[in-house]
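*Asks:* Guided by the hints, dock chain B onto chain R, whose structure is given.
Listed in order, the protein sequences are those of chains R and B. Quick note on my numbering: the first sequence kicks off at 1 and runs consecutively. Quick note on my numbering: the second sequence kicks off at 1 and runs consecutively.
Careful: at least some of the hints might be erroneous.
No copy is singled out in the list; a pair is fine if it fits within one copy or between any two copies.
Think about it this way: if two alpha-carbon atoms lie no more than 20 Å apart in a straight line, the pair counts; the simulated EDC-like pairs of lysine to aspartate or glutamate are [claimed, not checked]:
| no. | residue 1 | residue 2 |
| --- | --- | --- |
| 1 | Lys105 | Glu12 |
| 2 | Lys60 | Asp327 |
| 3 | Lys105 | Asp233 |
| 4 | Lys435 | Glu478 |
| 5 | Lys483 | Asp452 |
If you're looking for bench data, these hints aren't it; they were derived computationally from the structure.
Protein chains: 2
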Amino acid sequence: MSLQEKYEDFIERLRDVNRFRAINSHLSWDQQTMMPVKGREARAGILAWLASQAHQMMTKPEMVAVIEELNNEIGELDEDQACNVREAKREMDKAIRLPPEHVFKAAEMTSTSIPVWGKAREDKNFSHFESTLRELVSVSRERIEYLRQDGQTPYDVLLDDYEHGMTVADYDPLFAGLRERLVPLLAKIMESKQSIPDVEIPDSASFPIAQQEEFCLRVSRSFGFDHDAGRMDTAPHPFCSGLWPGDTRITTRYDVEDPFSCIGAVMHETGHGLYEQGLPVEHCFTPRGRAISLGVHESQSRLWENQVGRSREYWNMAGAWFRESFDECPEYSDDELFRIINRAEPSFIRVEADEVTYNLHVMLRYEVEKAIFNDGMDISEIPKMWNSLFLEWFGLEVPNDTLGCLQDIHWSMMAFGYFPTYTLGNLYAAQLMEKMIDDLGMEMSELLSEQDTSVILNWLKINIHERGMLYGPNKLIEVVTGKLPNSEPFLSYVERKYGKIHGF
Amino acid sequence: MSLQEKYEDFIERLRDVNRFRAINSHLSWDQQTMMPVKGREARAGILAWLASQAHQMMTKPEMVAVIEELNNEIGELDEDQACNVREAKREMDKAIRLPPEHVFKAAEMTSTSIPVWGKAREDKNFSHFESTLRELVSVSRERIEYLRQDGQTPYDVLLDDYEHGMTVADYDPLFAGLRERLVPLLAKIMESKQSIPDVEIPDSASFPIAQQEEFCLRVSRSFGFDHDAGRMDTAPHPFCSGLWPGDTRITTRYDVEDPFSCIGAVMHETGHGLYEQGLPVEHCFTPRGRAISLGVHESQSRLWENQVGRSREYWNMAGAWFRESFDECPEYSDDELFRIINRAEPSFIRVEADEVTYNLHVMLRYEVEKAIFNDGMDISEIPKMWNSLFLEWFGLEVPNDTLGCLQDIHWSMMAFGYFPTYTLGNLYAAQLMEKMIDDLGMEMSELLSEQDTSVILNWLKINIHERGMLYGPNKLIEVVTGKLPNSEPFLSYVERKYGKIHGF
Numbered sequence: 001m002s003l004q005e006k007y008e009d010f011i012e013r014l015r016d017v018n019r020f021r022a023i024n025s026h027l028s029w030d031q032q033t034m035m036p037v038k039g040r041e042a043r044a045g046i047l048a049w050l051a052s053q054a055h056q057m058m059t060k061p062e063m064v065a066v067i068e069e070l071n072n073e074i075g076e077l078d079e080d081q082a083c084n085v086r087e088a089k090r091e092m093d094k095a096i097r098l099p100p101e102h103v104f105k106a107a108e109m110t111s112t113s114i115p116v117w118g119k120a121r122e123d124k125n126f127s128h129f130e131s132t133l134r135e136l137v138s139v140s141r142e143r144i145e146y147l148r149q150d151g152q153t154p155y156d157v158l159l160d161d162y163e164h165g166m167t168v169a170d171y172d173p174l175f176a177g178l179r180e181r182l183v184p185l186l187a188k189i190m191e192s193k194q195s196i197p198d199v200e201i202p203d204s205a206s207f208p209i210a211q212q213e214e215f216c217l218r219v220s221r222s223f224g225f226d227h228d229a230g231r232m233d234t235a236p237h238p239f240c241s242g243l244w245p246g247d248t249r250i251t252t253r254y255d256v257e258d259p260f261s262c263i264g265a266v267m268h269e270t271g272h273g274l275y276e277q278g279l280p281v282e283h284c285f286t287p288r289g290r291a292i293s294l295g296v297h298e299s300q301s302r303l304w305e306n307q308v309g310r311s312r313e314y315w316n317m318a319g320a321w322f323r324e325s326f327d328e329c330p331e332y333s334d335d336e337l338f339r340i341i342n343r344a345e346p347s348f349i350r351v352e353a354d355e356v357t358y359n360l361h362v363m364l365r366y367e368v369e370k371a372i373f374n375d376g377m378d379i380s381e382i383p384k385m386w387n388s389l390f391l392e393w394f395g396l397e398v399p400n401d402t403l404g405c406l407q408d409i410h411w412s413m414m415a416f417g418y419f420p421t422y423t424l425g426n427l428y429a430a431q432l433m434e435k436m437i438d439d440l441g442m443e444m445s446e447l448l449s450e451q452d453t454s455v456i457l458n459w460l461k462i463n464i465h466e467r468g469m470l471y472g473p474n475k476l477i478e479v480v481t482g483k484l485p486n487s488e489p490f491l492s493y494v495e496r497k498y499g500k501i502h503g504f
Numbered sequence: 001m002s003l004q005e006k007y008e009d010f011i012e013r014l015r016d017v018n019r020f021r022a023i024n025s026h027l028s029w030d031q032q033t034m035m036p037v038k039g040r041e042a043r044a045g046i047l048a049w050l051a052s053q054a055h056q057m058m059t060k061p062e063m064v065a066v067i068e069e070l071n072n073e074i075g076e077l078d079e080d081q082a083c084n085v086r087e088a089k090r091e092m093d094k095a096i097r098l099p100p101e102h103v104f105k106a107a108e109m110t111s112t113s114i115p116v117w118g119k120a121r122e123d124k125n126f127s128h129f130e131s132t133l134r135e136l137v138s139v140s141r142e143r144i145e146y147l148r149q150d151g152q153t154p155y156d157v158l159l160d161d162y163e164h165g166m167t168v169a170d171y172d173p174l175f176a177g178l179r180e181r182l183v184p185l186l187a188k189i190m191e192s193k194q195s196i197p198d199v200e201i202p203d204s205a206s207f208p209i210a211q212q213e214e215f216c217l218r219v220s221r222s223f224g225f226d227h228d229a230g231r232m233d234t235a236p237h238p239f240c241s242g243l244w245p246g247d248t249r250i251t252t253r254y255d256v257e258d259p260f261s262c263i264g265a266v267m268h269e270t271g272h273g274l275y276e277q278g279l280p281v282e283h284c285f286t287p288r289g290r291a292i293s294l295g296v297h298e299s300q301s302r303l304w305e306n307q308v309g310r311s312r313e314y315w316n317m318a319g320a321w322f323r324e325s326f327d328e329c330p331e332y333s334d335d336e337l338f339r340i341i342n343r344a345e346p347s348f349i350r351v352e353a354d355e356v357t358y359n360l361h362v363m364l365r366y367e368v369e370k371a372i373f374n375d376g377m378d379i380s381e382i383p384k385m386w387n388s389l390f391l392e393w394f395g396l397e398v399p400n401d402t403l404g405c406l407q408d409i410h411w412s413m414m415a416f417g418y419f420p421t422y423t424l425g426n427l428y429a430a431q432l433m434e435k436m437i438d439d440l441g442m443e444m445s446e447l448l449s450e451q452d453t454s455v456i457l458n459w460l461k462i463n464i465h466e467r468g469m470l471y472g473p474n475k476l477i478e479v480v481t482g483k484l485p486n487s488e489p490f491l492s493y494v495e496r497k498y499g500k501i502h503g504f
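Chain R with its partners taken away, still in its complex shape (with noise of 0.2 Å):
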């Protein structure tokens, strides 16, 4: 077989593998907005059957062979080849370590707890999922042993699967950097004596979900989301799926009482999509067609969300918007709007935090789980520990689990060393758009000027979409911005817009 031969055999097979995993997708986007309650256990089954064929297939001796190969001759192949190679190759290595069962009871068991979850959220009480919890932190452990390598902690295992390259080496210090300025920027925001309008819903009035689906689908399209090769549903926990080329579905949620509550996350999972939307369609199924990291994806989804969203310079496009969809609010103008939506104040829930205080939930989350996974605490103590971090950096006693420790569903879908990655991409997200700015030689106020995103989504397909996995996400970062990445663009763009609004 010729070098061209083996590389078709194996981009087959390997397209295969995904189709697998988009299947998976696909079922789970169902399983999160359609499925009945009943058809649970036999979803869980299906979903746990699809990951251990992938995995089968990803470890069967021929396809092992022909990456190998491959992979030693990779020089001859050209940039997307040896793009394919290489993250099959990285793949493989960490399939072939896990054995098919290990595969088998974490998918199975991802499904059946979530709703656990879910009923112990509802029921504010911990103690309703602790026993499920330890559970999933005994499989994350055992597929740390499978997969630990040297000089690696055991939480840097779980780190790499979500941000490859990423260990608390790298966290701890790039986490102490941004508390030292995000801690004293929350506190002056809250002396300052500039007033953020109150929001004053009357108690009687309701939002109908399809008003405020119709506001969603506005500023989805705004963003130029393209919602004839995607859909929009509701979702207890909002997601984004990007199953195949033609159908990237996002989901939202609606607070019938509060028309502010959907705003960012329509935004968010338009972001999400809209990268989804641009990736390269003639490498589906292949790694040079997928997103590159986590970090990237949400780096995407907080650009167009705060970065965009949160602009002053937008909200002259959908103040209107706002002010026709819920006329049982009050008529705030647009910069009061804009004022709103920007209020930064210690809160409980991590989705629905502002951009100051976001990435100190997540500095919490990592330090629980850091906890757990290098120190040895043991599941009961989350609680305590959670809710005493929460005093400490918030000022806030957290009055119940729901808004403590269950808010996320992170945990119950075994994804534990995820969280990180949302603070990475809001350093990405500032970064990419500072470069943005000075490549078009335009500000935020004059690239909106024109009320057409357009500009700012093309940038992004160019120098992020369009290039998959063909770079790391280090690389990739600074390929595009020509740095490496940090947190000043983020920190000297939170400081700037907050000093503006509140005048320091």
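*Replies:* For chain B alone, coordinates are given in the frame of chain R:
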């Protein structure tokens, strides 16, 4: 390997094949209910890939060998095991005669041809579908070439796909016998002076989908469909998908100007759904846990739709719900509603046809398909043949193709030979109902006197649903009713019912 070990190996492989098929069903459901338009092409690829994966697994040398070995020792297996081996053998014998390229081409083609049909139907223009239909017929002819056995006419091969063992030699006399009594019955009904109330809905009235959905859910629940183990959505062509245990999905459609149009569809699809929900869970992903045939499936939908749902007694329950949901409709009494939904008269659309004319619609399609596959009629002749038979049997000029040969989705899905199973369903349903009434010693009036249909559902569960594929369709009807399938119970039921309504 012992026989039992061989069986275990076989059944695990067979479950995997059926998992692929269940996923295929799910993605087809999504395609018709949820998928964004631009997802079409990639979806077609995925569905074709799934079909060819299942085909590959079914024809792998190891699979063929184990099925042959087990089939040689089938007498040593228990009843359930023998059923699985027998059905797998039959399927495999077909599969090994079909080249994988053919399977892939057929699957991919149907995903793209459905929207072409949909567009032609919108355009009311057969010529927009003609070349696609010609390709579909040509691929079906390839299938016939691969599968045809001694003594089969070409069309027999397709008929066998949908109801095993049935041929034109069976259908021709059966259909002739039906026509012989149905045509005079229709004439008598049309001549009869007995008045059926005219439906007089004010032009200004509209019936919001939410109200119709509420009514449909009540009907569906009253039959015993478990909506915690299923969903009800809308689709242009209503259907039912039994995906996996605890997850059966029915679809219906609504006409905001006509509250009557949704009734038949929801009753019909609920009947299908009840069969799926009643299949033995412990045998899921194996033939023993699957529905035996389309004809028997249709007997369940028709029994609930017609024998139960269009009975005078059922409207003692449903009448009040109807009046409650549709307050812009004139207030018809239970008896008037019963008469309205049993109006029999020549009309254009099969799925909206009454019990008397329905089978004539089916026979017309049967004659057209037979002409194409057994007599080599050209595709371009379809509208002419359709319209001329329609005039002959129904006495009506077909005004456009959407009310004629474009009305049904089946041909766009390459489902030639499918329609006759609808009439089998009507015949089986009447035969089952006659036996049920006999077994229970109660007439329909008594069966429904407690406003409770569960005694009907339980009888069907035990006699039909729980038996899965244990017996072939003809055999099943014989085991349950003591007689081979025949048209007498249907004809006497329909003559009795309409004689009563029209007083002859």
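*Asks:* Which hints from the list above does the structure break, by number from lowest to highest?
*Replies:* 2, 3, 5
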